[in-house]
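J.: Below are the chains, spelled out letter by letter.
2 protein chains.
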Amino acid sequence: MTNKPVQSLTVKKVSEQKCFDGWHRQYSHWSETLNCEMRFAVYLPPHVDDGEDVPVLYWLSGLTCTDENFMQKAGAMRLASDLGMAIVAPDTSPRGEGVPDDPEGQYDLGLGAGFYVNATQEPWSQHYRMYDYVVEELPALVEKHFPVCEKRSISGHSMGGHGAIMIALRNPESFCSVSAFSPICHPTDCPWGHKAFGAYLGDDQSAWKAYDSVELLKRSNVSNPLPILVDQGDADGFLAEQLKPESLLQASAEKGYPLSLRMQSGYDHSYFFIASFIEDHLHFHAEHLRG
Amino acid sequence: MTNKPVQSLTVKKVSEQKCFDGWHRQYSHWSETLNCEMRFAVYLPPHVDDGEDVPVLYWLSGLTCTDENFMQKAGAMRLASDLGMAIVAPDTSPRGEGVPDDPEGQYDLGLGAGFYVNATQEPWSQHYRMYDYVVEELPALVEKHFPVCEKRSISGHSMGGHGAIMIALRNPESFCSVSAFSPICHPTDCPWGHKAFGAYLGDDQSAWKAYDSVELLKRSNVSNPLPILVDQGDADGFLAEQLKPESLLQASAEKGYPLSLRMQSGYDHSYFFIASFIEDHLHFHAEHLRG
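Each protein sequence line maps, in turn, to chains A and B.
Position one of the first sequence corresponds to residue 1 (UniProt numbering), numbered consecutively onward.
Position one of the second sequence corresponds to residue 1 (UniProt numbering), numbered consecutively onward.
Keep in mind the hints are simulated off the structure, nothing from the lab.
Certain hints may be false.
Within a straight-line C-alpha distance of at most 30 Å, the following computed DSS-like cross-link-like pairs (lysine-lysine) qualify [stated by the list, open to error]:
1) B:Lys151 x A:Lys73
2) B:Lys73 x A:Lys73
3) A:Lys151 x B:Lys73
4) B:Lys73 x A:Lys13
5) B:Lys144 x B:Lys18
6) A:Lys73 x B:Lys12
7) A:Lys73 x B:Lys18
8) B:Lys195 x B:Lys144
9) A:Lys18 x A:Lys73
10) B:Lys13 x A:Lys73
11) B:Lys12 x B:Lys151
12) A:Lys151 x A:Lys18
13) A:Lys218 x A:Lys195
14) A:Lys12 x B:Lys144
15) B:Lys255 x B:Lys218
Negatives, chain B to chain A, calculated, CB over 10 Å [said to hold, decoys possible]:
16) Asp21
17) His24
18) His29
19) Arg39
20) Gly84
21) Gln126
22) Pro139
23) Cys149
24) Ala210
25) Val222
26) Ala253
27) Glu254
28) Arg262
29) Ser270
30) Ser276
Output of the computed footprint for chain B on chain A, the stretches with three or more beta carbons under 8 Å from beta carbons of chain B [as the list claims (entries may be wrong)]:
31) 14-28
32) 73-82
Don't be surprised by glycine CBs; every beta carbon is placed ideally from N, CA and C.
Okay, chain A solo, but in the shape it has when bound (with noise of 0.2 Å):
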């Protein structure tokens, strides 16, 4: 067993570059949520070293990610120097000694595929809880160690753009907006949602509307929606059985919750896709976040 920290809510610093005059750092904690040790990267920009306190956009990776990939990846920091933005990118799910994988061995369940949801089955349930974790126990992080403002947008590609939207839908009091790359939309009615659902969630799939953005956005206050931008490409294998962005498409119009959905001519799902269209983003975030 892993021994636990007795401080909660302490930060180590694991790796530090500087990058377009700000700094990208690494951090592990233990995390009393998932039960065991996390890392998760910061991009703070220039503006905090004249004593700012930046807006925060919040980054959820896809299938098989950690904190690295969309830090090295997705081109963000140029711009996010610019508008004086900070980004914080978690790990995908919980990790280390004793925090269960997919038996079969598979990418889309256990180690990288933490669906940003809280398990309530056996074995995920005592680490698996992302939900928590992301809504919760990050941000209280973050807003303790860094010089940032409670501002706080959210985004996300493919499970991490389910989370997104998922989780922005659940708590939009606590975001300014919300975007998505090739998210999940409608993980209830595709393979990838029913795997991972089924192990974390249980059979019986009443449990499992409570994360899916389709569902919620039936549900949700139209009087004062939250701002949703979606970008997808129409070359992404995934895009038919998996992703199924018409189906969020026709829930914001029956309901009349405004939704930008992009769909992108020739792109595929890969981070070439997100680097191509990532400053859209920003710039709407950050419309959002001065607001």
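Could you slot chain B onto chain A? The hints should help.
T.: Frame of chain A, contents of chain B only:
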């Protein structure tokens, strides 16, 4: 023994992603020079769709890298797309069955560490001919298969920074400009260079000088100098022992060869550093490619 294809100068596309309205692609091909199958990456800006022949920036990566590191991490494609510049990134060594590696398994010799020289010593000389590959075979392939003009520039990082400056100084008629991040400036006078050059070129250090940027600069023609831009982070852990930019600066001063060396405060040896300044390099090359 690998079967050698009948046709030479053929390429096979192995991946493709749309990126900033252009295309990132990986190709494999049989290299006559290296006597093995090789992979390289190319970024083609959207201008080629309009039938335009675009100039090419060759990028040489550092130790342990493949064609992927720069394309995924440097954030270069945003501006390359705007400027109408192709980028070609070769691998850093021969690969595959029968290609020898460092018997001690270190990262600084053998696979991923070709040092852009033509090896003369056993067991390296049959495959390790990265100089000829980058100077001759790769440009011939690129100019045969892609809509590029004959305007070329060259850049690289660390071992690839050494490669870029060295190759440009030896072939000034082939390039409009050269730049480097954190180059190994004086490989005949640093541990990485001694190990690699000793293995590939043998004990006679006089043979090493043909691949040393400082030695080449001393013997260069200053009447028509090639524009050179070098960025070096002052928090780079390899700076004092391996990189030695002061040796290049001193040689350029003594010779009267113009050289722009920028020491960047707080930056290290990583791609976070490269990303921070790559656009300066692309603008620098674009200016000279247009000239």
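J.: Hint by hint, say whether it matches the structure.
T.: For each hint, the structure was consulted:
Taken as a hint, the Lys151 of chain B and Lys73 of chain A pair is honoured in the structure, with Cα atoms around 29 Å apart against an allowance of 30 Å. Using a Cα cut-off of 30 Å, the hinted pair Lys73 of chain B and Lys73 of chain A holds, with the two alpha carbons roughly 5 Å apart. A hinted pair counts as satisfied when its Cα atoms are at most 30 Å apart, and Lys151 of chain A with Lys73 of chain B qualifies at roughly 29 Å. The hinted pair formed by Lys73 of chain B and Lys13 of chain A meets the criterion: a straight-line CA distance of about 22 Å does not exceed 30 Å.
Restraint check: the Cα-Cα separation between Lys144 of chain B and Lys18 of chain B comes to about 22 Å, which is no more than 30 Å; the hinted pair holds. Of the supplied pair hints, the one linking Lys73 of chain A and Lys12 of chain B holds, its CA atoms being roughly 25 Å apart against a limit of 30 Å. Pair hint Lys73 of chain A plus Lys18 of chain B holds up; C-alpha atoms about 15 Å apart against a cutoff of 30 Å. Taken as a hint, the Lys195 of chain B and Lys144 of chain B pair is broken in the structure, with Cα atoms around 36 Å apart against an allowance of 30 Å.
Pair hint Lys18 of chain A plus Lys73 of chain A holds up; C-alpha atoms about 16 Å apart against a cutoff of 30 Å. Among the hinted pairs, Lys13 of chain B with Lys73 of chain A is consistent with the structure: their alpha-carbon atoms are about 22 Å apart, no more than 30 Å. Only pairs whose Cα atoms come within 30 Å are accepted, and Lys12 of chain B paired with Lys151 of chain B is accepted, the gap being roughly 24 Å. A hinted pair counts as satisfied when its Cα atoms are at most 30 Å apart, and Lys151 of chain A with Lys18 of chain A qualifies at roughly 24 Å.
Of the pairs offered as hints, the one joining Lys218 of chain A and Lys195 of chain A holds, with about 23 Å between alpha carbons and a cut-off of 30 Å not exceeded. Between Lys12 of chain A and Lys144 of chain B the CA atoms are separated by roughly 52 Å; this puts the pair beyond 30 Å, and the hint is violated. For the hint linking Lys255 of chain B to Lys218 of chain B, the alpha-carbon distance of about 6 Å falls within 30 Å, and the restraint holds. With a closest Cβ-Cβ approach of about 8 Å to chain A, Asp21 of chain B is found to fall inside the 10 Å limit, against its non-interface label.
Not every beta carbon of chain A lies more than 10 Å from that of His24 of chain B, the smallest distance being close to 5 Å; the non-interface claim is violated. Residue placement check: His29 of chain B keeps its beta carbon more than 10 Å from all beta carbons of chain A (closest about 22 Å). Residue placement check: Arg39 of chain B keeps its beta carbon more than 10 Å from all beta carbons of chain A (closest about 17 Å). Separation of Gly84 of chain B from chain A is adequate, the least Cβ-Cβ distance of about 16 Å exceeding the 10 Å criterion.
Distance check on Gln126 of chain B: its Cβ is at least 35 Å (rounded) from any Cβ of chain A, clearing the 10 Å threshold; non-interface status holds. Its beta-carbon lying about 25 Å from the closest one in chain A, Pro139 of chain B satisfies the requirement of being farther than 10 Å from that chain. With a least beta-carbon separation of about 25 Å from chain A, Cys149 of chain B lies farther than 10 Å from that chain, consistent with its non-interface assignment. Residue placement check: Ala210 of chain B keeps its beta carbon more than 10 Å from all beta carbons of chain A (closest about 35 Å).
With 10 Å as the threshold on Cβ separation, the claim that Val222 of chain B sits away from chain A holds: the shortest Cβ distance comes to roughly 35 Å. Look at Ala253 of chain B: its CB is around 28 Å from the nearest CB on chain A, clear of 10 Å, so calling it non-interface holds up. With a least beta-carbon separation of about 32 Å from chain A, Glu254 of chain B lies farther than 10 Å from that chain, consistent with its non-interface assignment. Once the 10 Å rule is applied to beta carbons, Arg262 of chain B is consistent with being away from chain A; the minimum gap is 14 Å.
With a least beta-carbon separation of about 5 Å from chain A, Ser270 of chain B fails to lie farther than 10 Å from that chain, contradicting its non-interface assignment. Listed as a non-interface residue, Ser276 of chain B fails to keep its Cβ farther than 10 Å from every Cβ of chain A; the least gap is roughly 5 Å. Coverage of the segment 14-28 of chain A by chain B holds. Counting CB-CB distances below 8 Å, 6 residues qualify, and the rule asks for three or more. Coverage of the segment 73-82 of chain A by chain B holds [criterion: at least 3 residues with CB-CB distance below 8 Å; count 4].
Figure legend: structure checked against the earlier numbered hints; hints not met, in rising order: 8, 14, 16, 17, 29 and 30.
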